[in-house]
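With my numbering as the guide, the letters of the sequence shown map in order to residues 92 to 415.
Everything labelled a hint here was simulated from the structure, so no lab data went into it. We put the CB at the ideal spot given by N, CA and C, even for glycine. Be aware that one or more of the hints could be misleading.
Okay, the calculated beta carbon distance ranges per label pair [to be verified]:
1. R105 <-> G333: 33 to 43 Å
2. P176 <-> G221: 15 to 25 Å
3. A220 <-> R320: 19 to 29 Å
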Amino acid sequence: MSATYAVVDSGTTRTRVRVWQGGAVTWTGDREAGARDTAIEGHTGRIRAALRELLAEARSATGATPRAAICSGMITSNLGLHEVPHLPAPAGPDELAAGIVEVRFDDAADVPFAFVPGVKTPPAARDVAGLETGDVLRGEEAEVVGLRDRLGIATAATYLHFGSHHKAVEVDADGRITASRTAITGELLAAITEHTILKSSTVPLAGLDPDPAAVTAGARAAREHGVGRAAFLVRVGEHLAGIPREHMTAYLIGALAALDLPLLAGGDTAAPIVLYGHGVFPGVLTQLLADGTRPIVRVDGATADLAAVVGAVALYERRAGGSA
Numbered sequence: 092m093s094a095t096y097a098v099v100d101s102g103t104t105r106t107r108v109r110v111w112q113g114g115a116v117t118w119t120g121d122r123e124a125g126a127r128d129t130a131i132e133g134h135t136g137r138i139r140a141a142l143r144e145l146l147a148e149a150r151s152a153t154g155a156t157p158r159a160a161i162c163s164g165m166i167t168s169n170l171g172l173h174e175v176p177h178l179p180a181p182a183g184p185d186e187l188a189a190g191i192v193e194v195r196f197d198d199a200a201d202v203p204f205a206f207v208p209g210v211k212t213p214p215a216a217r218d219v220a221g222l223e224t225g226d227v228l229r230g231e232e233a234e235v236v237g238l239r240d241r242l243g244i245a246t247a248a249t250y251l252h253f254g255s256h257h258k259a260v261e262v263d264a265d266g267r268i269t270a271s272r273t274a275i276t277g278e279l280l281a282a283i284t285e286h287t288i289l290k291s292s293t294v295p296l297a298g299l300d301p302d303p304a305a306v307t308a309g310a311r312a313a314r315e316h317g318v319g320r321a322a323f324l325v326r327v328g329e330h331l332a333g334i335p336r337e338h339m340t341a342y343l344i345g346a347l348a349a350l351d352l353p354l355l356a357g358g359d360t361a362a363p364i365v366l367y368g369h370g371v372f373p374g375v376l377t378q379l380l381a382d383g384t385r386p387i388v389r390v391d392g393a394t395a396d397l398a399a400v401v402g403a404v405a406l407y408e409r410r411a412g413g414s415a
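Throw the hints in and build the complete structure from the sequences for me.
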């Protein structure tokens, strides 16, 4: 009989626990607690309390005691529950599994916590001229393992993750992360639409189906005139040209999506690009990359959401010498 695990995802503001039982997620719960609380309060008490409550609820709901609580993402950082140093790229499933650190917290729960390390790509030089080659990731390493399993990808590929940060993760045919590149595109969109003059020229993203022509025009404006100018043209379009705010929101999204295209430079030109995450950007990038130069795989939301759980369990089982 397969083991039961609690898989923990704790980010900036929320901590989520999912129970993996019999090869499926059987319970999910979350709390408002995360790295921001640690930064403000100077201790991890809020995260520990959230995990203690969530694990107790999970046990009550499922009737099972997890073999371990497997943690990946920001919870393994200096603002998380336990800091685990990044592994240097290239790093694959063997290195990631071997790098898992197991810790017990008497005040959190009576199960061991297993922390999956992130991966870093050191900059070419320790000066500003060499910074562009450097990067770090936490959490995407487990997602990549899970996506390769669920999608049956055994070749090299570039995995483009969409969230607050957009990350292009280069993975070779052996499943090793060889490099990554990050942009704060998601945060930029949130900041521009909520905290600049463009708030009055845009609409909320929930339920928005971006107009393809407006997306293309926005991306072209960013390439030709710069993102700052393209962003202001959103106000010009809405205020002077009378273009509906829904279209100008799509225009802005296209302009910011253009920032992600350089993340894909330097990868294997024959390797597929795997787009995954939530929100409007996966669809927008699918459109902007539809020139046939590289195969595109767009991952559905359910598969993307499950990837971190599948990957984290697979890495823990690999470390234990079993199978997920």
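Structure-based check of all given hints:
A beta carbon spacing of about 40 Å between R105 and G333 agrees with the range 33 to 43 Å that was offered as a hint. Distance hint for P176 and G221: a CB-CB separation of about 21 Å, consistent with the stated range 15 to 25 Å. As the Cβ distance of A220 to R320 is approximately 27 Å, the hint placing it in 19 to 29 Å holds.
When the structure is compared with the earlier hints, no violation turns up for any of them.
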